[in-house]
Amino acid sequence: DSGVTQTPKHLITATGQRVTLRCSPRSGDLSVYWYQQSLDQGLQFLIQYYNGEERAKGNILERFSAQQFPDLHSELNLSSLELGDSALYFCASSGSAGLGETQYFGPGTRLLVL
Amino acid sequence: QQPVQSPQAVILREGEDAVINCSSSKALYSVHWYRQKHGEAPVFLMILLKGGEQKGHEKISASFNEKKQQSSLYLTASQLSYSGTYFCGTVSSAGGTSYGKLTFGQGTILTVHP
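Protein chains in written order, with this note's numbering: chain A, 1 to 114; chain B, 1 to 114.
To be clear, the hints were calculated from the coordinates, so they are not data collected in a lab. For glycine and all other residues, C-beta sits at the position ideal for the given N, C-alpha and C. One or more hints might be untrue.
As the list claims (entries may be wrong) - The calculated SDA-like cross-link candidates involving lysine to any residue, where the alpha carbons are at most 20 Å apart (straight line), are:
1. K101(B) x H73(A)
2. K26(B) x A56(A)
3. K37(B) x G3(A)
4. K59(B) x D1(A)
5. K26(B) x Q44(A)
6. K9(A) x K37(B)
7. K101(B) x N59(A)
8. K101(B) x R55(A)
9. K55(B) x G3(A)
10. K37(B) x S2(A)
11. K101(B) x S24(A)
12. K67(B) x G100(A)
13. K37(B) x L39(A)
14. K50(B) x G100(A)
15. K37(B) x D40(A)
16. K9(A) x Q36(B)
Unchecked claim - Derived DEER-like restraints, expressed as beta-carbon distance ranges:
17. D71(A) x E14(B): 44 to 50 Å
18. A77(B) x E53(A): 42 to 48 Å
19. G42(A) x S63(B): 20 to 26 Å
20. G84(A) x S61(B): 34 to 40 Å
21. R18(A) x S93(B): 36 to 42 Å
22. F69(A) x E16(B): 44 to 50 Å
23. H38(B) x N51(A): 33 to 39 Å
24. T76(B) x R18(A): 46 to 52 Å
25. E62(A) x K26(B): 24 to 30 Å
26. D40(A) x P7(B): 17 to 23 Å
Turn these sequences into a full structure, and let the hints steer you where they fit.
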């Protein structure tokens, strides 16, 4: 158990809908990362927040957005969902935002868009 | 551009050794190794930093050639529990907007048989 929690574990929804994935980092960690894992794209970085501020952005779609709240939990919002958005979404956390920080992954949210 | 891992798959018998390689075309600050079992979260194994620092599990060893931007993970006296997909993740030393963005390789599937 990494200490990172994610809810929900599974999510089934329809195309065009909007969902919110939630992540709580390990106690004391200030940085949160979101990753998407699909069969064809592998494990892809989406976005990083540090202490409430966006720090790095990957190939995140405009339909996706994220934020980190004052209590350091983070939410990833996915809207206008398409079949191709079906994937495992992982959140990871680290102590700070440095280049050499170890990232600990949560259990993931499995999203299925029908 | 994502790092390239080799081999794509390895099959071992318990007690045998294996080496997994990771190669990047970019200058790297750090290399991170993870193991993932099907449907589960990636589990941190080792981080290797520019300058020689390493952090990780005692039973795992790895190397980082900064000049060649290559890293290798050494698995010795393999056990059944070593089975899974191994990923290397790299952090570019370009800094700037990269921060903690991990770019993952495509993964190496390791299967250990009794």
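Hint by hint, here is what the structure shows:
Proximity of K101(B) to H73(A) is assessed by CA-CA distance (about 19 Å); at most 20 Å being required, the pair is judged to hold. For a cut-off of 20 Å, the pair hint linking K26(B) to A56(A) stands: about 18 Å separates their Cα positions. Simply put, K37(B) and G3(A) have alpha-carbon atoms about 18 Å apart, close enough for the 20 Å limit, and the pair holds. Of the supplied pair hints, the one linking K59(B) and D1(A) holds, its CA atoms being roughly 19 Å apart against a limit of 20 Å.
Between the alpha carbons of K26(B) and Q44(A) the distance comes to roughly 17 Å, so the proposed pair stays at or under 20 Å and holds. Annotation: proposed proximity of K9(A) to K37(B) holds, straight-line Cα distance about 16 Å (limit 20 Å). Taking the CA atoms of K101(B) and N59(A), the gap is near 11 Å; set against the 20 Å cutoff, the hint holds. For the suggested pair K101(B) and R55(A), the alpha carbons sit about 9 Å apart, so the restraint of at most 20 Å is met.
Proposed proximity of K55(B) and G3(A) is supported: the alpha carbons are some 19 Å apart, at most 20 Å. About 15 Å separates the Cα atoms of K37(B) and S2(A), which keeps this hinted pair within 20 Å; it holds. Note on K101(B) and S24(A): the hinted pairing holds, with a Cα-Cα distance of about 19 Å set against a maximum of 20 Å. Restraint check for K67(B) and G100(A): the C-alpha separation of about 18 Å stays at or below 20 Å, so the hint holds.
Pair hint K37(B) plus L39(A) holds up; C-alpha atoms about 14 Å apart against a cutoff of 20 Å. The straight-line distance between the Cα atoms of K50(B) and G100(A) is roughly 9 Å, inside the 20 Å bound, and the hint therefore holds. Using a Cα cut-off of 20 Å, the hinted pair K37(B) and D40(A) holds, with the two alpha carbons roughly 18 Å apart. For the hint linking K9(A) to Q36(B), the alpha-carbon distance of about 17 Å falls within 20 Å, and the restraint holds.
At roughly 46 Å, the beta-carbon separation of D71(A) and E14(B) lies within the given 44 to 50 Å, and the hint holds. The hint said 42 to 48 Å for the Cβ distance between A77(B) and E53(A), and at roughly 45 Å that hint holds. At roughly 24 Å, the beta-carbon separation of G42(A) and S63(B) lies within the given 20 to 26 Å, and the hint holds. Between G84(A) and S61(B) the beta carbon distance is about 39 Å. The supplied range of 34 to 40 Å therefore holds.
In this structure, R18(A) and S93(B) meet the distance hint of 36 to 42 Å, their C-beta atoms being roughly 38 Å apart. As the Cβ distance of F69(A) to E16(B) is approximately 48 Å, the hint placing it in 44 to 50 Å holds. Take H38(B) and N51(A): their Cβ atoms lie about 34 Å apart, and the range 33 to 39 Å holds. In this structure the supplied range 46 to 52 Å holds for T76(B) paired with R18(A), their Cβ-Cβ distance being about 48 Å.
For E62(A) paired with K26(B), a C-beta distance near 26 Å keeps the hint of 24 to 30 Å intact. About 21 Å separates the C-beta atoms of D40(A) and P7(B), a value consistent with the hinted range of 17 to 23 Å.
In the structure shown, no violation is registered for any of the earlier numbered hints.
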